[in-house]
Amino acid sequence: MNLTLKIWRQKNAGTKGKFEKYKLTDISTESSFLEMLDVLNEKLINENQEPIAFDHDCREGICGTCGLYINGRPHGPEKGTTTCQLHMRKFKDGDVITIEPWRAKAFPIVRDLIVDRSAFDLILQAGGYTSVNTGNAPDANSIPIPKLDSDRAFESAACIGCGACVATCKNASAMLFVSAKVSHLALLPQGRIEAAERVQKMVAKMDELGFGNCTNTYACEMECPKNISVSNIARMNREFIKAKIFAEVPTAVETGD
Amino acid sequence: MSLFDSKIPTGPLSEKWTKFKADAKLVNPTNKRKLDVIVIGSGLAGASAAASLGEMGYNVKVFCYQDTPRRAHSIAAQGGINAAKNYQNDGDSVYRLFYDTIKGGDYRAREANVYRLAEVSNNIIDQCVAQGVPFARDYGGLLDNRSFGGAQVSRTFYARGQTGQQLLLGAYGALNRQIAKGTVKVYSRRNLLDIVVIDGKARGVIIRNLITGEIERYFGHAVVIASGGYGNVYYLSTYAMGANSSPAWIAHKKGAWFGNPCYVQIHPTCIPVHGDYQSKLTLMSESLRNDGRIWVPKKMEDVQKLRRKEIKPTQIAEEDRDYYLERRYPAFGNLVPRDVASRAAKERTDSGYGVNDTGLAVYLDFAEAIGRIGKKGVAAKYGNLFQMYEKINDENPYETPMMIYPATHYTMGGLWVDYELMTTIPGLFAAGEANFSDHGANRLGASALMQGLADGYFVLPYTLSNYLADEIYTPRMTTDGEEFEQAERQVKERIEKLMSINGTESVDTFHKRLGKIMWEHCGMARNAQGLKKALEMIPELRKEFWQNVKIPGGSDYFNPEIEKAGYVADFLEIGELIVRDALHREESCGGHFREEYQTQEGEALRNDADFAYVAAWEYKGENKAQELHKEELRYESIELKQRNYK
Numbered sequence: 001m002n003l004t005l006k007i008w009r010q011k012n013a014g015t016k017g018k019f020e021k022y023k024l025t026d027i028s029t030e031s032s033f034l035e036m037l038d039v040l041n042e043k044l045i046n047e048n049q050e051p052i053a054f055d056h057d058c059r060e061g062i063c064g065t066c067g068l069y070i071n072g073r074p075h076g077p078e079k080g081t082t083t084c085q086l087h088m089r090k091f092k093d094g095d096v097i098t099i100e101p102w103r104a105k106a107f108p109i110v111r112d113l114i115v116d117r118s119a120f121d122l123i124l125q126a127g128g129y130t131s132v133n134t135g136n137a138p139d140a141n142s143i144p145i146p147k148l149d150s151d152r153a154f155e156s157a158a159c160i161g162c163g164a165c166v167a168t169c170k171n172a173s174a175m176l177f178v179s180a181k182v183s184h185l186a187l188l189p190q191g192r193i194e195a196a197e198r199v200q201k202m203v204a205k206m207d208e209l210g211f212g213n214c215t216n217t218y219a220c221e222m223e224c225p226k227n228i229s230v231s232n233i234a235r236m237n238r239e240f241i242k243a244k245i246f247a248e249v250p251t252a253v254e255t256g257d
Numbered sequence: 001m002s003l004f005d006s007k008i009p010t011g012p013l014s015e016k017w018t019k020f021k022a023d024a025k026l027v028n029p030t031n032k033r034k035l036d037v038i039v040i041g042s043g044l045a046g047a048s049a050a051a052s053l054g055e056m057g058y059n060v061k062v063f064c065y066q067d068t069p070r071r072a073h074s075i076a077a078q079g080g081i082n083a084a085k086n087y088q089n090d091g092d093s094v095y096r097l098f099y100d101t102i103k104g105g106d107y108r109a110r111e112a113n114v115y116r117l118a119e120v121s122n123n124i125i126d127q128c129v130a131q132g133v134p135f136a137r138d139y140g141g142l143l144d145n146r147s148f149g150g151a152q153v154s155r156t157f158y159a160r161g162q163t164g165q166q167l168l169l170g171a172y173g174a175l176n177r178q179i180a181k182g183t184v185k186v187y188s189r190r191n192l193l194d195i196v197v198i199d200g201k202a203r204g205v206i207i208r209n210l211i212t213g214e215i216e217r218y219f220g221h222a223v224v225i226a227s228g229g230y231g232n233v234y235y236l237s238t239y240a241m242g243a244n245s246s247p248a249w250i251a252h253k254k255g256a257w258f259g260n261p262c263y264v265q266i267h268p269t270c271i272p273v274h275g276d277y278q279s280k281l282t283l284m285s286e287s288l289r290n291d292g293r294i295w296v297p298k299k300m301e302d303v304q305k306l307r308r309k310e311i312k313p314t315q316i317a318e319e320d321r322d323y324y325l326e327r328r329y330p331a332f333g334n335l336v337p338r339d340v341a342s343r344a345a346k347e348r349t350d351s352g353y354g355v356n357d358t359g360l361a362v363y364l365d366f367a368e369a370i371g372r373i374g375k376k377g378v379a380a381k382y383g384n385l386f387q388m389y390e391k392i393n394d395e396n397p398y399e400t401p402m403m404i405y406p407a408t409h410y411t412m413g414g415l416w417v418d419y420e421l422m423t424t425i426p427g428l429f430a431a432g433e434a435n436f437s438d439h440g441a442n443r444l445g446a447s448a449l450m451q452g453l454a455d456g457y458f459v460l461p462y463t464l465s466n467y468l469a470d471e472i473y474t475p476r477m478t479t480d481g482e483e484f485e486q487a488e489r490q491v492k493e494r495i496e497k498l499m500s501i502n503g504t505e506s507v508d509t510f511h512k513r514l515g516k517i518m519w520e521h522c523g524m525a526r527n528a529q530g531l532k533k534a535l536e537m538i539p540e541l542r543k544e545f546w547q548n549v550k551i552p553g554g555s556d557y558f559n560p561e562i563e564k565a566g567y568v569a570d571f572l573e574i575g576e577l578i579v580r581d582a583l584h585r586e587e588s589c590g591g592h593f594r595e596e597y598q599t600q601e602g603e604a605l606r607n608d609a610d611f612a613y614v615a616a617w618e619y620k621g622e623n624k625a626q627e628l629h630k631e632e633l634r635y636e637s638i639e640l641k642q643r644n645y646k
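Chains as they are written, first to last, in the numbering used here: chain A, 1 to 257; chain B, 1 to 646.
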C-alpha cells in the first residue's frame, strides 16, 4: 500500500515544531504501524536525513513505551490496542495519516514524537505502593482474598502507564491513571491499610503537577489500550471523600521509618 | 583445567545458604548510609535489588535506558513464576523444584546456586502478595497454580498472561517507596558506557544521558549489572527493541569472565516470521501448552494443500494429524522443556511438514480444550494472548489453530559469578538474566522471574553486604580521579569514531545481517562446519561495520541511532564469543544442540566426562580470542543422567 504521512517534527522542548510530509510506497498490510515507521526511517537515513524519533520498546503492547497520536486518536483507530499492536491492515491504500506526539502540559516534548512522562512516576512515588520491606511478608495464603476482588484488582493493575488517557482528555486529566493504581491497591487487604493516606497523597501530587480535572467525558476509557474502566475514577472519588471525612492522616510527609 | 573459587559454602547442600547467612559479615546502620551502590537495569533483578538495598539503608543509584524503570522488559513475561509452595498438594518440595531445575538445565548448572534458588522461591511469592501483586486465585480466595514445561507438578503462580508485568510493577512500587524516602535515585534514559575500576575494584560508571548526549560520572562502592540477556544478537527475538547486552559486555572487557555464552534459549511457541521488514517476534506463552496441542499433518499432500490454502487446518481429520510431542514424549507430552519442544518443531519443519507458506510453522490447537472447558474457560485463562495473536495475525485462534515457530527468547549464559553473585572483578556483581548462574544449558518456563527476584530480593542483600562490610573504610570518592578521566576519554573517543565513519549502511542493516549469521549457524542446531564459517563471517562483518556504518545527525542531543550503533558494535563481538563457545563444546546439552552429538532418536547427547564444566571466557584484548577457564561442576546430591521426558 502507498501512504502519505504528516508527521510532527520538533528538535527539542525549547524549539518550535511543525508537520513534515512524507510519502511511502509498497508498505505491507501485514506490517505493524511501527514497522511502517521503521521503513520510513531506513529511507530517511539512506537519504541523509535524520530519522523520526518515536518511543517504542517491547512491541508487544505491554511496556507502555509507545504512544502516537494517530489521525486525532491516541494509539490510532483500533479500540483496546497500543500503537505497536496496530497493524497496517487497518488502513487503506492512499490514506493520509497524521502522526503527532501526546499533547499535555504535564508531558513536555523531548523530540519529534517523544514526550516526557516522568510526572506519572512522581505520582506513584507519592504513594502507589504498600509499605512492606523485603522479608517481612507473611505466608502468601494467610489472607484469603475473594476471587472477585482479586480479579478486579488485576483489571485495574493492568494499566501500562502509557498516558493515552491524558492525551485524549480535553482537560489533560490523569484521573484514569491515578485511579487505576488507587483501585488496584484499595481492593486488596494488603493495600487497604494505607488506602486513605495513599489516595490523598496521590491526588495532591497529581494536582500539583498540572494535570487537569475530570469532567466525565469518558474519553479516557474509550482510548485506553488496556480497557481500564472509568469505574476506577468513581472508586477513587469515594476513597478520597471517605478519607477526607473519616481518616486521620498525618499532616507531615511522614513515611514511616 | 584451570580451577577457580566459586566460593560455595561447605556442608550439606540444604544447609549451605543458611550457613552462608549465618557467617556473612554485616554492616551497621550508620555505615550503610555511607555506602553507595550502583545498579544497572531496572527489571525484576535490578528493581528488586535496588529497593531491598535501599530499605536496608544503602544509597542506591539505578540507571535504565527506558524513560521509567517500570518499562524494563521483565514486564513482558507472560506465563508465571515458579515456587515450591506445594499449595496444590501434588508432591512438590524445595528438593523437587531444585531437581527439576537441574535436570531441565541438562545438568550444566551449579548445584548450590540452584538449591538456594528453590529455597527462596517461597519467600518471593509471600513478598509479592504483600506488595499487592494480584495473582490468580480460586473461589476459596487462595492462590491458584498452573503447570509449566519440564515439571509434573503445578507450581507456577500467575496473573493471567501478564505475570511479569504484575511482578515488575510490584518491584517498581517498592522502588518508588525508596525513591520517596530518598535512599534510591533513578536515572532514566541513561546508558552505561564504561565501568571504572580503581585498584582492581569496581568503583563507578560512565553514563551517557540519552536526552542531552552528555557524558556523566558516578561513584559507587559496588556496581550491580542487572541489564538482562544478549538474545538480541539474533536480531529477531522476543526481546524488547532496546534490550542490549552492552553493560555485561563492557564488564567482560573490563575483566569479568563470561560464562557459557552458547547457551541460548530458543522458545518453541512464538508467532512465525512474516516479512523482511519484521522488527521482532512475539511470544505466545508456554502456559498455552497446558491446554493447547501441537501438531502438523501426517500426510505431505495435506501440507501442500494447506500451503496453497485449498483446505483449512480444521478440515484435517484427527487420524491424519501428527501430535508429535505426545507421540515422542508420552510422559510429558506437550509440556516437555523448551529446548526439546523447539528441536522437535525444527525436526518436523526440516522434514517438510511446516504448515504456512514459508514452511516454518506448526499448529498449536485449542479445539480439544474448548470442547472440554468451553470457549469461556479458555478465554479466562488465555484471553489476552488470544487477543494479541489475533491482532498480529488477523486470525481467530478460537476458530482455527494458532501457527507458531521457535524464536530466540532468553540467554542462560551471562557474566560468570561466584556463589555470592560477584563477577571476577571485585565489587562488580551480576544478577538476573545478566549472570550465567542458575539455569544450566536450558531454562525451564517460569524460572526467569523466580531467579530475577531471588537474586534481587533475597540473595544480593546478603552477599553484597558481605562485600560492603570491608568497604566501610573506603570513603566516598570524587569522580575527577585519573581512572574516571581516562574512562570518559575513551568513551568519547568511541562515540566520535562511530560518528566519523559516515558510511553507507544503517545500523539496523548490520544488525539484521549479524542476526542472520547467528540464526543460520548458531541457532537451534549447530555443527562444526557452520560454526567455523560463522567465525569467519562475523569478524568480516564487524570490520565492515567500523568502515561503513552510517549514523545520521549529531551526538549532543537525543539521537537513538547512536545508542543502537553502540549496541550493535557490541553484539558483533558477543556473537563471535557465542560461536566460539558453541564450537568448543563438543557435546549437545539443553539449548546447545550439536548435530554431531545426538542419540539415535535425535535427542541431545551429553558428554559428562569431558564437558561437565562451566566455560568461563576471559577477555584478552581487541580482535584476540578469549581464554577459556573451566569451573568443574561437582554434583553431590544428584546423579547425572540422560535427560528423559518419555
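Just so you know, the hints here were simulated from the structure itself, not pulled from any lab data.
Owing to the predicted nature of the structure, the values given are computational and were not obtained by experimental measurement.
Treat the hints with care, as some may be off.
[As the list claims (entries may be wrong)] Below are the DSS-like pairs computed for lysine-lysine, each with C-alpha atoms no more than 27 Å apart in a straight line:
| no. | chain 1 | residue 1 | chain 2 | residue 2 |
| --- | --- | --- | --- | --- |
| 1 | B | K497 | A | K90 |
| 2 | B | K312 | B | K25 |
| 3 | B | K533 | A | K23 |
| 4 | A | K79 | B | K497 |
| 5 | B | K201 | A | K147 |
| 6 | B | K550 | A | K43 |
| 7 | B | K7 | B | K25 |
| 8 | B | K7 | A | K147 |
| 9 | B | K375 | B | K620 |
| 10 | B | K641 | B | K254 |
| 11 | B | K375 | A | K11 |
| 12 | A | K43 | B | K497 |
Quick one, are B/K7 and A/K147 close enough, alpha carbons at most 27 Å? violated, 45 Å
Hinted pair A/K79 and B/K497, Cα distance within 27 Å: violated, 46 Å
Just to be careful, I want the Cα atoms of B/K201 and A/K147 compared with a cutoff of 27 Å; is the pair within it? It is violated: about 51 Å lies between the C-alpha atoms, which goes past 27 Å.
Holds or violated: B/K7 to B/K25, with C-alpha atoms at most 27 Å apart: Within the cut-off at roughly 15 Å; holds.
What's the verdict on B/K375 and B/K620, does the C-alpha distance respect the 27 Å limit or exceed it? violated, 58 Å
Given the proposed pairing of B/K312 with B/K25, does the C-alpha separation stay at or below 27 Å? Answer violated: B/K312 to B/K25 is near 65 Å, above 27 Å.
Between B/K550 and A/K43, does the CA-CA distance stay at or below 27 Å? holds, 12 Å
Hinted pair, alpha-carbon criterion (27 Å max): B/K641, B/K254. Please report holds or violated. violated, 38 Å
Keeping to a limit of 27 Å between CA atoms, is the pair of B/K375 and A/K11 held or broken? violated, 50 Å
Next pair to validate is B/K497 with A/K90; report whether the Cα-Cα distance is within 27 Å. violated, 43 Å
Within 27 Å, alpha carbon to alpha carbon, are A/K43 and B/K497? holds, 24 Å
For the pair we were handed, B/K533 and A/K23, check the Cα-Cα distance against 27 Å. Not satisfied, since the Cα-Cα distance of roughly 41 Å exceeds 27 Å.
In the structure shown, a violation is registered for the earlier hints numbered 1, 2, 3, 4, 5, 8, 9, 10, 11, in ascending order.
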